[in-house]
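Colleague: Given chain A's structure and the hints, the job is docking chain B onto it.
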Amino acid sequence: MSRRHDVKRYPGLGILSVAFFTYLYAPLLIVVIYSFNANRITGVWTEFSVKWYGSALNNSALMAAVETSLIVAGIATVVATTIALMAAMAIIRGKNLRFRRLSETVVNLPLLLPEIVLAVATLILFSLIGLQNGLLKLVIAHSAFCTPFAFLPIRARLQGMSLDFEEAATDLYAPRWTVFRRVTLPLIFPGLFSGAMLAFLISMDDFITSNMLASGGTTTLPVYIFSLIRAGTSPELNAIATLLIAASLVLATVALTLASRSAREPN
Amino acid sequence: MSDAGHASPAVPRRRRALNLAYLGLVPSWLLMGFALLMPIMIVAAVSVSTRGAYGGFDWGFDLTGYRQILFNEGWTGEMEFTPQYLMIILRTLLLAAVTTIICLSLAVPVAYYIAQQPARRKSLMVYLVTLPFWMSMILRVYAWMIILGKDGPLPRFLEIFGAPQGLSLMYNDGATLAAMVYTYIPLMVLPVFASIEKLDGTLIEAAHDLYGNRWVTLRRVILPLTAPGIASGAILVFVPALGAVLEPILMGGGKQMMMGSLIQLQFGGGRNWPFGSAIAVMLLVFVMIVLIVLARRAALNEATT
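Top line first, the protein sequences correspond to chains A and B.
Just so we're aligned, residue 1 is where the first sequence starts under the working numbering, counting upward by one.
Just so we're aligned, residue 1 is where the second sequence starts under the working numbering, counting upward by one.
If we strip away everything but chain A, and leave its shape as in the complex, we get:
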């Protein structure tokens, strides 16, 4: 079929798509370029320099924020993934289960509600029960809104998987727990992994809730970056941004590669 007469082709879409991808990546590229600017003023270019990376890495407040974020995201990921796995097993594999739809809606609820509403809601709750520990507040709130992100890939994997292997293991007198550990768990691992990655990412990226619940000593990375932005653009901030963009790039590539590889594997 010649190109000109292909009825499925619409003229101009190629150019529009190129423009779209440029639009998607140009802003990130600009931040990266400015991070190498020696001048203290972001918009005025003087010369190439990597000195802001040095000052970013020596910034103890930044490192403390990174540490807080990693601790909160690490714990929230484990909690959210475990809860999501248990819920997915019950919802997809459970027999004669009542409230199946309702339970699924409840697990997915954080996706449907505006985060700012959840953030102020948990703020009021924690102040009512007098919960003071900043880290604990963050971990509880993050675990809740990360759960659906862990749940969805696990659920999809469980649903797409044939029951044959599990039934075969049961026929061979494997106890329930052994079937789960030796058969189900390895088979759903890709879903489990991408769910955990998503939960980790969502927690690391959260600003609204963390900012609302933040108290002294529990500043997360996005909250710290926000305070830097409030103080004005600076090349050090651009360097921090570039380092984060690089980290996300590595993380996303690993996660997406594994996900697409597992999607191609036959079950």
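Bear in mind the hints are in silico, worked out from the structure with no lab data behind them.
Just so you know, not all the hints are guaranteed correct.
[Unchecked claim] To give an idea of the interface, some chain A residues facing chain B are shown, with a C-beta separation under 8 Å as derived from the structure:
| hint | residue |
| --- | --- |
| 1 | LEU112 |
| 2 | ALA144 |
| 3 | LEU244 |
Cβ coordinates follow ideal geometry from the N, Cα and C atoms, glycine included.
Modeller: Just chain B now, kept in the frame of chain A:
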């Protein structure tokens, strides 16, 4: 009374043993009940409570929080109509709607183009659409502060065409909109792409054979068949756009608030919790309306196609 379990031999006796599956649901119900359902109910309660003497709130029933959306108490105690908060609500609805429309009008042609590519290039392009979603939200907004701000690339570029020097494009609704479209657009492209990819190409050829030109085919074949993807993309963009906080705070400045940043302000400084809760409840109601209308329509489409 006879034993119901033995009433009919045809119906197998239901086992009364504990269903293990329920145990799996216990942790999620506990977490969501404690960190989600209970707090939401508390917000609703606080929205009809009185303001505390030192910030926070006092239990009680009082509609001041809601009344404050439209009226302001004057010096002599009379109620004056003050449209400032109503304007914020309208701006929120408008900006979220415009964001959704812009995202949609960009996403449909781009998704269609991606769907036409050979397999390898297609997966690369989907990867490129997904990637920004993995980048920190606050950084993506910050990138637009640099682009639009004083000495930024865009004002500098416009100077070539005679724009005044030191021009800043920041702190207005347009800046907020730019950041919102930028941060939410991957959420629109992906579901639209997924439903375009499922499209049966022979239907397009059939439309053409029946003398439908490209425009007619687009309007009467392609768009109706991708409606479920469009609806879920619209939900994924419109709902977070209604609750946007970072974009109005950073791009809109103090004057161009949206409901999200208004709530943030009322709680951030502990200013007025009942009023902040009232706005939060209104935001929640808007989201519920969108979900009920769009999700029902999407489900209907899914069922009929």
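Colleague: Compare the structure with each hint and give your call.
Modeller: Tested hints:
1. Interface hint status for A/LEU112: upheld, as the beta-carbon distance to the closest one in chain B is roughly 6 Å, under 8 Å.
2. Evaluation of the A/ALA144 hint against chain B yields a held restraint, the C-beta minimum of about 4 Å falling below 8 Å.
3. With a least beta-carbon distance of about 6 Å to chain B, the hint placing A/LEU244 at the interface is held under the 8 Å criterion.
Taken one by one, the earlier hints all hold for this structure without exception.
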